[in-house]
Amino acid sequence: MRILVTGAAGFIGSTLSIKLLSEGNEVIGIDNFNDYYDPNLKHARLDRLLNNKKFKFFEEDISNLKMIEKIFSTHKPQVVVNLAAQAGVRYSIENPMAYVETNLVGFANILECCRHNNVEHLVYASSSSVYGSNENMPFSIHDNVDHPLSLYAATKKSNELMAHTYSHLYGLPSTGLRFFTVYGPWGRPDMALFKFTKCILENKPIDVFNYGNHRRDFTYIDDIVEGVFRVIQRPAKSNPDWNGIKPDPGTSKAPWRVYNIGNNNPVKLMDYIAALENSLGKKADMNLLPLQDGDVPDTYADVNDLVSEFNYKPDTSIEEGVKNFVVWYKNYFELDQ
Numbered sequence: 001m002r003i004l005v006t007g008a009a010g011f012i013g014s015t016l017s018i019k020l021l022s023e024g025n026e027v028i029g030i031d032n033f034n035d036y037y038d039p040n041l042k043h044a045r046l047d048r049l050l051n052n053k054k055f056k057f058f059e060e061d062i063s064n065l066k067m068i069e070k071i072f073s074t075h076k077p078q079v080v081v082n083l084a085a086q087a088g089v090r091y092s093i094e095n096p097m098a099y100v101e102t103n104l105v106g107f108a109n110i111l112e113c114c115r116h117n118n119v120e121h122l123v124y125a126s127s128s129s130v131y132g133s134n135e136n137m138p139f140s141i142h143d144n145v146d147h148p149l150s151l152y153a154a155t156k157k158s159n160e161l162m163a164h165t166y167s168h169l170y171g172l173p174s175t176g177l178r179f180f181t182v183y184g185p186w187g188r189p190d191m192a193l194f195k196f197t198k199c200i201l202e203n204k205p206i207d208v209f210n211y212g213n214h215r216r217d218f219t220y221i222d223d224i225v226e227g228v229f230r231v232i233q234r235p236a237k238s239n240p241d242w243n244g245i246k247p248d249p250g251t252s253k254a255p256w257r258v259y260n261i262g263n264n265n266p267v268k269l270m271d272y273i274a275a276l277e278n279s280l281g282k283k284a285d286m287n288l289l290p291l292q293d294g295d296v297p298d299t300y301a302d303v304n305d306l307v308s309e310f311n312y313k314p315d316t317s318i319e320e321g322v323k324n325f326v327v328w329y330k331n332y333f334e335l336d337q
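This note's numbering applies: residue 1 is where the sequence shown begins, and numbers increase by one.
In case anyone wonders, no lab produced these hints; they're calculated from the structure. Since no wrong hints were added, every one of them can be taken at face value.
If you anchor each label on the Cβ, the simulated ranges turn out as follows: (1) 53 x 93: 42 to 50 Å; (2) 268 x 90: 18 to 26 Å; (3) 202 x 171: 49 to 57 Å; (4) 332 x 282: 17 to 25 Å; (5) 93 x 24: 36 to 44 Å.
With a straight-line Cα cutoff of 30 Å, these simulated DSSO-like cross-link-like pairs (lysine-lysine) come out: (6) 313 x 323; (7) 19 x 70; (8) 19 x 237.
Cβ coordinates follow ideal geometry from the N, Cα and C atoms, glycine included.
Let the hints inform the model, and build the full structure from the sequences given.
Quick look at the structure:
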């Protein structure tokens with residue numbers, strides 16, 4: 001297939017692109033290399049792709065409609081995977097307009113281009129953060145998600161709603177994937193594992209929020225990519241049993257679906273830190289701090305729909321995943337093993 005991947009120099013986008021190319025697909029990548037974190041890491045991720053003849057890359061911003069229209073009309077992707085987004089819960093409190101520009105305006109541009117270029121399937125990144133104030137565990141796609149706790153979460157919920165209207169009005173098959181705390185090699189420097197590793201190796205204290213009482217459904221990058229890969233191959237279909245009297249939030253009469261991709265095994269933050277300490281062979285000095293604005297105390301993915309419809313469930317253990325990250329980190333920064 002000919003697949004367009006936005007955010008192709010990102011953590012998930014670059015790893016997914018490698019997987020798609022290895023399976024013989026043609027990949028058209030888009031990324032704007034913004035400076036939310038070190039662009040050098042993004043360029044290093046992209047370098048893994050540039051030698052493949054089936055990979056074409058464009059340095060563009062999805063909020064630039066004219067340029068995105070040109071890429072779509074020239075290359076005619078059959079499938080679009082939208083992973084370009086302004087990420088980060090806490091940063092959305094500091095710089096909300098960055099989220100409006102990319103996550104809302106940019107996503108609307110992607111929808112319009114899919115509509116006018118007969119795209120067969122739009123797959124896009126949502127987030128576990130859409131569950132917001134929900135306390136019913138594990139989080140199910142069939143639960144209501146109308147109470148987000150950050151603008152980032154609100155934009156991801158908005159993406160699901162925007163996609164639904166295009167699925168309903170224009171028959172565009174769209175699938176939203178709610179990712180749960182993705183980690184692993186080539187990960188983002190703003191995320192806990194990267195920050196913790198850097199601080200521990202530099203003998204600096206780590207900031208541990210909610211006094212370490214968080215539980216997170218940490219999901220390894222390769223497990224995320226395998227889930228996305230499987231979903232790509234099967235465009236969303238309507239649910240013939242859906243009805244408006246008892247509406248199911250996870251399905252629709254339109255060809256629209258959402259799925260959780262998580263490890264289905266929440267881990268205490270302190271246990272996550274312990275796995276990192278074991279891999280590094282060093283103990284962490286911790287600053288125990290209160291829960292931050294916008295943060296959800298616990299996440300836990302119900303993946304029953306992913307299992308039943310795609311015969312897939314993420315299963316990489318925290319110990320294995322954290323160890324793989326530490327090996328990559330030391331290699332990438334050329335540190336002594």
